[in-house]
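Colleague: Put chain B on the given structure of chain A with help from the hints.
Residue numbers (the working numbering), protein chains in the order written: chain A, 1 to 237; chain B, 1 to 245.
Some clues are possibly wrong.
Some chain B residues judged to face chain A by a derived CB distance under 10 Å, without partners named [stated by the list, open to error]: (1) 54; (2) 64; (3) 71; (4) 72; (5) 80; (6) 81; (7) 120; (8) 121.
Where chain B lies over chain A, by a calculated footprint (3+ residues, C-beta under 8 Å) [said to hold, decoys possible]: (9) 90–96; (10) 129–139.
For each label pair, taking beta carbons as the anchor points, the in silico distance ranges come out as [what the hints assert, rightly or not]: (11) B:231 / A:224: 53 to 63 Å; (12) B:206 / A:165: 46 to 56 Å; (13) A:171 / B:231: 15 to 25 Å; (14) B:1 / A:191: 24 to 34 Å; (15) B:218 / A:103: 52 to 62 Å; (16) B:139 / A:171: 49 to 59 Å; (17) A:123 / B:190: 26 to 36 Å; (18) A:177 / B:231: 30 to 40 Å; (19) B:206 / A:126: 33 to 43 Å; (20) A:51 / B:139: 51 to 61 Å; (21) A:39 / B:91: 43 to 53 Å; (22) B:139 / A:198: 53 to 63 Å; (23) B:90 / A:172: 20 to 30 Å; (24) B:32 / A:165: 39 to 49 Å.
Don't read these hints as lab results, they were simulated from the structure. It should be emphasised that the depicted structure is a prediction, and the values quoted were computed from it without experimental measurement. Glycine included, C-beta positions come from ideal geometry on N, C-alpha and C.
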Amino acid sequence: MTNSDFYGVGFPYRDFGKLPGKLIVLEGTDGVGRSTQVNMLRHWLEEEGYAVADTGLTRSELTGPGLDAAKSGHTLGPITMSLFYASDFADRLENKIIPALQAGFIVLSDRYFYSMIARDSIRGIDKNWSRVLYGMALRPHLILYLQASVPSLVQRLIHGRGLNYWESGMDLHLADNFYDSFLTYQTAIIKELEQLAREYNFVTINADRTPPEIFEDLKLPIRLLLHNRLTKSERPF
Amino acid sequence: MLRPNDTKGKLIVVEGIDGSGKSTQIDLLYKWLLSKGYSVYFSEWNSSALVKSTTKVAKKSQSFTPATFSILHCTDFADRWENSIYPLLKAGVIVLADRYAFTAFARDVARGNDPKWVRDMYSFAFMPDAALYFRVPLDIAVGRITGSRAQLKYYEAGMDLGLSDSYEESFKLFQGKILNEYDKMVDEFGLTMIDGTLPVKEQQKKVRAYIRRVLEGFEGLPNPDKQPIVVENPQAQKKVNKGGK
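If we strip away everything but chain A, and leave its shape as in the complex, we get (with noise of 0.2 Å):
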C-alpha cells in the first residue's frame, strides 16, 4: 500500500500492506434507492463467488450511539456534527473497511465521505477543510452515483418511509414545512454532488428508473472493474 491509495494523509502511524480487496461505493441522495442496490450486489457478487461485506454511514460502533443521540437532541452545531461524522467514518475505515480489503473482500460502501462534505458544504463548512479532514479517506476502485431528480425522489420517499426532518434539512430553516424544505435542500444537494461527481470521477447511473434497471446498470462497472477492463474516466484515480 502506498501513500497514493489515500485522498491525503491517509493513517501515517500505520502500514497496512498490501490491500488485495475492492472497495466500491454507491453514492446518491437520500431516498435514492442506494440500500437496495446494496442488497441486490451483494447477492449478485456472492453467486459470482466473490466475498463481500458491506457497511453505511454512521454505523460504526463507536459513534453509532452519540450520533443517534445528538440528532434526537438537534444540539449540536454545524462544525461538531461534521467531525462527528468523520469520527465515525475514520472509525469505519480503520476498523472495518480496511480490514475487509485486506482480507481480500469486495467492500460495497453505502456512502462515502463525499456525502458528508455535500450535507457540510450546505451548513456552511468550508470545503478545503473538509477535504484536508477527509485526507485519511482511501480512494475507491469504483465510485457509483446514483443521479435522480428530486420530484422522483419524493414520490418514492412519500410512498415509502416518508419525508423526514433531517432529509428535508429542516435544521436549516429553509421553510416552514417538510415539502418545501426537502425541494430546497435536496436540489441544493444534488448540486453538491454533480460537482463531486466531476471532481472524483463518479460513475453516473440514471436512478429514475426501477430498481431492476438501476441494477443492471450498476452491474456493468463493476464488472469492468472486476476485470481490469476500467476506462481513465471511470476509474477515481
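Modeller: Frame of chain A, contents of chain B only:
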C-alpha cells in the same frame, strides 16, 4: 492554522504536560479576574457532555485509534467552541481554557498523526490572545502525577502506542514525546513560557503581570455582580443522563 480573534472578547489558554501545574494557575487566574469585575468563562478540555458519552465508550473498550482519538477530541472541542466559547467571545467575555488546540497538536502528533492534518482540523478556532505554556522538566511532572494518583489510565499512560508494558514507563515515554512537541510549538505559535518549577505564588504573579498587559484597554462585558457564567445544554445533558442509566 488558527484564525485571529476578531471578536470583542479575550481568549486566554493554559497548556503544558500533565503535572505541570497549569490547572492550579488558571483557577487562581479565574478567581482573580472575576473579583476584578470581568465577565469570565472557564472551559475545560474534553468536557462536552454529549461527546463524553462517546469517548467514555471508546475509552472503556480501548477502541480508539490515533485518528479517531484525534477527531473525537476535536469534536468535543468544536461542541464547546460552537455552544459556548465562540458566542461568549462575541459577547465580550474573557474565556479561559484549561488546555486548547495545542494539547491536540502535542498529543495527537505524539500518537503518530500528521502535524499539518491535526492543525488544519482546528483551523476554525482562534489563536488565543494569551497562550501560557507551563514548562516543567519531565521527571518533575511525572513524579507529581505518579506520586499523587492511584492508577494511571490506559490512554493517559499512552498504552495504545505500545511503548512499554509498564503503565508508568509508558506514561513517562509518552509525556516525553508530548513535551517535545510542546517545545517545538513555543516558536511556531509564540507561546508564553512560564517556569512551572517556581512556587505557585510566584508563577501566579508572573501570570497576572502578563495578563494585565494583555487586558490593557479592554472593556468587555460588564459584570457588576461578579457572577460566574454557566452555559447549559439541557438537551445534551438529558441524553447523557439517559445513556448512563
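Colleague: For each hint, tell me whether it holds in the structure or not.
Modeller: Structure-based check of all given hints:
no., hint, in the structure
1, 54, "holds, 4 Å"
2, 64, "holds, 8 Å"
3, 71, "holds, 4 Å"
4, 72, "holds, 5 Å"
5, 80, "holds, 9 Å"
6, 81, "holds, 7 Å"
7, 120, "holds, 5 Å"
8, 121, "holds, 6 Å"
9, 90–96, "holds (count 4)"
10, 129–139, "holds (count 5)"
11, B:231 / A:224: 53 to 63 Å, "holds, 55 Å"
12, B:206 / A:165: 46 to 56 Å, "holds, 52 Å"
13, A:171 / B:231: 15 to 25 Å, "holds, 20 Å"
14, B:1 / A:191: 24 to 34 Å, "holds, 30 Å"
15, B:218 / A:103: 52 to 62 Å, "holds, 59 Å"
16, B:139 / A:171: 49 to 59 Å, "holds, 51 Å"
17, A:123 / B:190: 26 to 36 Å, "holds, 33 Å"
18, A:177 / B:231: 30 to 40 Å, "holds, 32 Å"
19, B:206 / A:126: 33 to 43 Å, "holds, 38 Å"
20, A:51 / B:139: 51 to 61 Å, "holds, 53 Å"
21, A:39 / B:91: 43 to 53 Å, "holds, 51 Å"
22, B:139 / A:198: 53 to 63 Å, "holds, 57 Å"
23, B:90 / A:172: 20 to 30 Å, "holds, 21 Å"
24, B:32 / A:165: 39 to 49 Å, "holds, 46 Å"
In this structure, every one of the numbered hints holds.
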